[in-house]
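> When you get a sec, could you build the whole thing from the sequences and use the hints?
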Amino acid sequence: MYEEISKALAELEEDLLLDGVKNLYEKGVPVFDILAALQKGMEEVGKKFEAKEYFLSELIMSADVFKEATGLLGDAFAGNTSEMLGTVVMGTVKEDIHDIGKDIVVTILKCNGFHVIDLGVDVPYEKFVEAIKEHNPQIIGLSCLLTSAFENMKETIVSIEEAGLREGRTILIGGGPTDQKVCDYVRADLICKNAQEAVETCKKIVGVN
Amino acid sequence: MDNQMLLAERKDRIAKAVALEKTDRTPVVLEMAAFSARTEKMPIAKWGSDSLISAQAMINTFKKVGGADGVDYGSLYPPVLSLLWLSKVKLAGKELPEDSLWQVSEAELMTKEDYDRIIAEGYPNWMMSFFQEKIGGDVFQKIMGEMEKGPKIQEMWKNEGIPVMQSGIASIPFEYFCGARSFAKFVRDLYKIPDKVQAAMDAALPFMAPQAIQGNIALGNEYIWVGGWRSAGSMLSQPLWDRFVFPYFERVINETIDAGLIPILHFDSDWTRDLERFKVFPKGKCILELDGLTDIFKAKEILGDTMCIMGDVPASLFTLGTPDEVYKYSCKLIDEIGPKGFILHSGCDIPVDAKLENVQAMVAAATGK
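Going down the list, the sequences are from chains W and P.
The numbering of the first sequence is the numbering used here, which starts it at 1 and goes up by one.
The numbering of the second sequence is the numbering used here, which starts it at 1 and goes up by one.
Be aware that a few hints might be false.
Looking from chain W toward chain P, a few residues come up when the C-beta cut is under 7 Å (computed) [claimed, not checked]:
| id | residue |
| --- | --- |
| 1 | E58 |
| 2 | H115 |
| 3 | V182 |
The set of hints was computed from the structure by calculation and includes no laboratory data.
Even glycine gets a Cβ: it sits at the ideal position worked out from N, Cα and C.
Next up, the structure:
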């Protein structure tokens, strides 16, 4: 049954998946076993993305279906962070209001087992610093779509360093115009070119895979 | 050489590249908007307040850069982006500080019920009422007012001997619906109510190209932008792309060619997977303009015998690179994509904070000066 759930999610078979999850939940199967099967399904989605069988449209749909399935699990799933793979603080940097790409990455990371603190868009430097102090993430994700936001991306990282919060964490960047040159300029650790790459990178950072 | 001779020479150089014929040197075309505000040391709020102001700033910048062969467009009034994205646009001096770049504020302005309205009311009627209700009738009026300045702006460029390639963009229903619904919601629609989305797209399709075609012809342009950004293959699986994207581009592109214009396929994001499909268009009648995310070398390999390739010096190189790095990349493009059927160009717009000397380096790679 677990395998059927994983497969239904990987194939984006929504009705089949929801029936299966409902069935197991009503039988009293532990929520985290069901969740593990769902996350295995998300891993399959990731593999299909890597194999260029799936594209961004399917990542979005898989997250949507995943969300509906976990919605059937009631409060047992919501809010529990102890079983998460790790914590990520993420936001679009100051003076950039673009959220589409960042939102997709947040959603996909959540579906893959990460606790994600989404700070939104146009995030001031100090808000990143406060969130890092509060949530102690292993990973910080900075997004931008405007080349004019590179400076603010750089300054965000300077602020994190000046607050003594960089050590032991990995800073990732992403967004339309970012590339290795931008990564070097803003002194981030790594660049992620798409949502799936962000998932794979975050998993490597926290030692999963 | 007087400006009218210069204009003819530049137009001829571009036309030969488009026709995949031999040119005296690789043409280089500038696509610039807010970059010209920065080079003119003008706040973006002022630059974007009037098409005549942005046009003059662009002409001045063109001269400062020196030696290019033309521009993609000759002015920009940023609220016009609302018409392209069917979204609100945040503007400098209004929602944003005086010298900030405008930003499209993508939100779910269009609902699922709008598909029914498009089918029932027809796309033009729906679009007008949608724009009035969700974006603002005042914005529409201002855009129309700015469009009336088109002939004057064409004259300004012509007098300087600089070809303006086009002044109006056509696209496919996917792009408008996606902007108005917001990307994630629209993708769900493609999965959950595909037949309804397709029916609305089919209802909208006949209205995609004619207005932009007429506008460009009326202004004496020989080219027209046909734009795609969210409909790139990297965004969509093959079955979705085959159903909701290509058939619509095929019709719009053919309509522009039939009208005697050369479509500039202004394709942002990564189109590499589907380049092969564009071989169906007649030889030497299209330009493929890439932004750095599509593999331009692959594009040359696949489409080099069919259409002229234009691109793709990356935004980050203009902003963070050195003139030497820009020059080397531009020379690589000229050597490997050219000499025939290639126009050197930035990857999409030259970014607002590009260094002037980097833009000059791109042009120098083509002109040898």
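> Compare the structure with each hint and give your call.
Status of each hint after checking the structure:
| no. | hint | result |
| --- | --- | --- |
| 1 | E58 | holds, 6 Å |
| 2 | H115 | violated, 21 Å |
| 3 | V182 | holds, 5 Å |
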